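Colleague: Please arrange chain P on chain V, whose structure you already have, making use of the hints.
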Amino acid sequence: MDDSNVKNNNQEVLPKKLTESSFSYYFCEIDWTLSRVLSFVFDFLILLSLIFLSLLIIGFELKEIFEYDGGLSDISTVEMVFIISTIVLLKRYRDCCKQTSINWKDMLTAPILYYGKFIAIASIIISSLAIYDLKEGTTYFNILFIYGQNYIQLLSFIFILLGLYISTPSKKLKIKIDVIPHCKNTEEIIPPEPNKTETENA
Amino acid sequence: MLNKKCLLIITCIACLPTLSIAKPISLVESCVELVNIYESKNSQRLLAAQTTSLSEGLRAGYCLGVLTNSADFEYNCRSDWFRRAEFIATFSQENNRPSERKILKLSCEI
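Residue numbers (this note's numbering), protein chains in the order written: chain V, 25 to 226; chain P, -6 to 103.
So that you can see chain V by itself, here it is in the shape it has in the complex (with noise of 0.2 angstroms):
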């Protein structure tokens, strides 16, 4: 087949390029332009209102700890629990932070916003819960806030230790030891060779 004919194919099958001089030009970059600054504000938007709510959220927690600011006796076993498994997770979790290229806001927001998944799921369920009362005239919310209060706090403190531990980062991002440019000090990684003398004498 002829080149030529090739190019006059490919011609009629393409769509007709726009000059970028034409109006066409311009509504199609203002469109796509919009479109993306709109989904940037709308996952912005998103990202903060979880960021936000899960620290209201751990704030509450906090004071809900120290409830009758009696301190040490204001903490229960599960408390107590949650608190020193806290410590071990975060510790775990800057460790595995430290091994990979992770920037710092994504190691800061990472455990927050998979927080606040959890508590935006728990909240679409609670809200179903409260629209249903009011519906059926039932007091099903009330009596889960007056009743239930130390089963909400176990299942918040269950959310906030599964998000710190599903919150490590991939192990795509782990940094390999061989290849650290900035590396000055190489005799930490590379083993020093055994002296020929006694490798002789063995």
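Just so you know, the hints here were simulated from the structure itself, not pulled from any lab data.
Among the clues, some could well be false.
[Claimed, not checked] Cross-link-like lysine to any residue pairs, in silico, SDA-like; alpha carbons within 20 angstroms at most:
hint : chain 1 : residue 1 : chain 2 : residue 2
1    : V       : K87       : P       : K34
2    : P       : K34       : V       : I167
3    : P       : K98       : P       : C70
4    : V       : K141      : V       : E91
5    : V       : K122      : V       : K141
6    : V       : K115      : P       : Q86
7    : P       : K(-2)     : V       : T110
8    : P       : K(-2)     : V       : S180
Values in this document were obtained by computation on a predicted structure and should not be read as measured data.
Modeller: Quick look at chain P alone, frame taken from chain V:
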């Protein structure tokens, strides 16, 4: 270095009760704690022992004490303490609560 850090944390935790000023005991909040511990008059809730702190237990005991005392002497109530505690706990959702004496009197009427 780690030992110093541990020592500092332990000292801070140990100082917490001395620095804190405990809130006054409210009957409604105490009865909320009581119904969070007890499922019915004779049985406790699941994990009640693990989820209840010393302060919460103290408040639950206060509510139980007030209810039994008022039942015996003040108002001569016939209904059981658990039902009365449940009734009093419902006032925790209200903004304009009546006085504790009034709530106690109302709880006798259920």
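Colleague: Between the alpha carbons of P:K(-2) and V:S180, is the straight-line distance 20 angstroms or under?
Modeller: violated, 29 angstroms
Colleague: Do the alpha carbons of V:K87 and P:K34 lie within 20 angstroms of each other, as the hint requires?
Modeller: violated, 30 angstroms
Colleague: Taking 20 angstroms as the top limit, are the C-alpha atoms of V:K122 and V:K141 close enough?
Modeller: Violated: V:K122 and V:K141 sit about 25 angstroms apart, past 20 angstroms.
Colleague: Would the pair P:K34 and V:I167 pass a check requiring their Cα atoms to be no farther apart than 20 angstroms?
Modeller: holds, 17 angstroms
Colleague: Take a quick look at whether P:K98 and P:C70 sit within 20 angstroms of each other, Cα to Cα.
Modeller: holds, 9 angstroms
Colleague: Is V:K141 within 20 angstroms of V:E91, Cα to Cα?
Modeller: Status violated; Cα separation ~25 angstroms.
Colleague: So if I understand the rule, the pair passes when the alpha-carbon distance is 20 angstroms or less; does V:K115 with P:Q86 pass?
Modeller: violated, 39 angstroms
Colleague: Could you grab the alpha-carbon distance between P:K(-2) and V:T110 and see if it respects the 20 angstroms cut-off?
Modeller: Holds, at about 17 angstroms.
Of the numbered hints stated above, those contradicted by the structure are hints 1, 4, 5, 6 and 8, listed in ascending order.
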